[in-house]
Structure formats: C-alpha cells, structure tokens
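Undergrad: Sequence:
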Amino acid sequence: MSLFERYLSLWVALCIVVGIGFGHLFPVAFEVIAGLEIANVNLVVAGLIWLMIIPMLLRVDFGALHSLRQHWRGIGVTLVVNWAIKPFSMALLGTFFLGYLFAPMLPEGASSSYIAGLILLAAAPCTAMVFVWSNLVEGEPNYTLSQVALNDLIMVFAFAPLVGLLLGVASITVPWNTLALSVGLYIVVPVVISQLLRRALLRGGEKRLQHFLSAIGPISLASLLLTLVLLFGFQGEQIVRQPLVIALIAVPILFQVYLNAGIAYWLSRRFGVAWCVAGPSALIGASNFFELAVAAAISLFGLSSGAALATVVGVLVEVPVMLSIVTFVKRTRPWYEKGISA
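Under the numbering used here, the first residue of the sequence shown carries the number 967, and numbering increases by one thereafter.
You may find that some hints are simply not true.
Said to hold, decoys possible - Between beta-carbon pairs, the in silico distance windows are:
hint, residue 1, residue 2, range
1, Gly1170, Leu1119, 31 to 37 Å
2, Gly1183, Glu1203, 34 to 40 Å
3, Trp977, Gln1176, 24 to 30 Å
4, Phe1054, Leu1168, 40 to 46 Å
5, Pro1300, Val1122, 37 to 43 Å
6, Gly1075, Ala1124, 27 to 33 Å
7, Arg1174, Phe1054, 44 to 50 Å
8, Gly1170, Lys1304, 25 to 31 Å
9, Leu980, Val1122, 19 to 25 Å
10, Leu1058, Ala1124, 17 to 23 Å
11, Lys1296, Gly1183, 16 to 22 Å
12, Gly1183, Pro1073, 21 to 27 Å
13, Phe1237, Leu1168, 34 to 40 Å
Keep in mind that the hints were calculated from the coordinates and are not lab data.
The structure presented is a predicted model; accordingly, all values stated were derived computationally and were not measured.
Beta carbons are placed, not taken as given, at the ideal position from N, Cα and C, and that holds for glycine.
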C-alpha cells in the first residue's frame, strides 16, 4: 500500500470532521449542491463516484470473465450473505437495539423511523464503493465486477418486496427511477467508459496502460474523500444536534457489518474459496449501497426523517469499519490460505 493508502483511516476521519463542520457553517451552499439531482440521485456525487471507480474498472479484462466458473463458491457465499442473512440480521439488530434496549434514550416515537432507515441500508448491497475496498484488499477484479453486477440485477427485482416484508407493509412505494438511474450511473456508464478507454490505451501496448493506471491511481481515493465531505456536509446540522442519537444508531450497524463480513470470510475459508475472492466476498457481503439507501429514505420518508439520518449514519460507520476489515483480511492471509490448503 502507498503512504496515502496506509493512512487512509486518518484522511477519512478528517474528511468526516471537515464535512460536518462545513455543513454546519455553510448549510446554504450544501443545500444548493444537494439540489443538483435527478430522481433523488445527486449528480455531483455521481460524478465523483465515476472518478472513484473508473480507474479501478480499467484494470478489468472482460476477456477473462470465463474464469469466473472456478469462483462459483465465492459467488454463492456472497449471495447468501447479501440476500438471506444481511437484511434480516439488520432488522433483528435494529429492533433489539433501537426498538427496545435504546428506546428510552431516543426521541419519542422515532425508533421505527430509524429502524426503517437501517432496513433500507441493509437491503441494498454495495455497488460503487466495493470497487475501492476490493482494490485495497488486492481482490480478484473480474469476480468483484461480476458479483456487483449480479447483485444489481437481483436488487431490481428483490429490493421492493424485501423492504416491504421487513417493514411489515403490504405495499411500499419504491423510487424505481432512482434505482434504475443509480445502477446506470454507478455501473453501466463507468463500465462502458473504462472499457473504451482501456481498449484505446492497449493500442499503445500494456506498458502504456500500466503507466496510465499509475498516474491516475490517486484520483480514486481523492474522489472517495471528497464524496465523504459532501455526504456529511449534507447532514451536518442533524449530526451536530444529535450526537447521542448518532452513536446509538451506529451500534446495530457496527454489529451487522462485522457479523456479515465474518460470516462471509469464514464460509469462504470453509468451502475452499481462493483468498483473492474471499477478501472482496467478505467486503461485498458486509457493505451497503448507501447512495441508493439515502435516496430511497429521502424519497419514502423525507430529507429530515429519522430514516434518512440512519442511512447517513451507515456511511459514517461503514467507511472506517470497512477499512478495518481490509486490514484484518490482509493480515490473516497466511492463516486463511493455510486453512484451505490443509
């Protein structure tokens, strides 16, 4: 890892503080930026996500996708964690902590709204940020891309009924235009751009591609940090006013992220999945598509709702926690590979 990547947790913490501070000091400016959206998808954030993941997608060789057949167990592990475990574990943890244990410390009648936000968060597997985590953990890029694309396809059909079931609602209005636009912006467009650019660069040889990748590498992490500044700036006022509520909402999210990452990593080792697939499998299984969750919460419950706040707390918790999982996975590589070779 580069010096910048090695201290990424520090830069993330600084960006969170800066974002909250700027959001508190300059709320009008952030309201203007927040208003630059289509179907509740912020165009500024979308542009930053392009800059975040296109350099990583440039490393993907679609001609090697046929090799994914050897990683079918890793794909199966991630699908089980994402769709059969994560949404239900979040509903249980949210109900236990926010509905019962912490209920006396929360604003009266607000628990259900916070729990709804957590469910929206867990029902949307990660799409964009997972490319960052997979890159940091030296994961198999073709596996990562295919797994994310498969999750997006499932999400189109499963998101609404799953959220409706867990919220106990017979019929729930899901912002389908937001979902479709998000998938298009965060997957389809970056993939097309990156593959056209990769093909153009390879006309000058592999060396030219590698030189270009080295030159633009820092752009991904810089875009991640600026995205964090904006997201926390949008909710700066609420975060400053309710620090205890933020801390309490964070507890079930912490439990859920570590629980699902641990399950995915353990199952991968148990079934003999290669480490380069087990790492991103654990990260995909634990992380969430927070861009969609935030947009859906705002569309369904309103910008100032407890549900919207809970999804933003998910971002607050997820970034540093995912970095800790990256560190854990890399440090346990000898233990992991010893287990699958035994």
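Undergrad: Check each numbered hint from earlier against the structure, then list the numbers of those it violates in ascending order.
TA: 8, 9, 12
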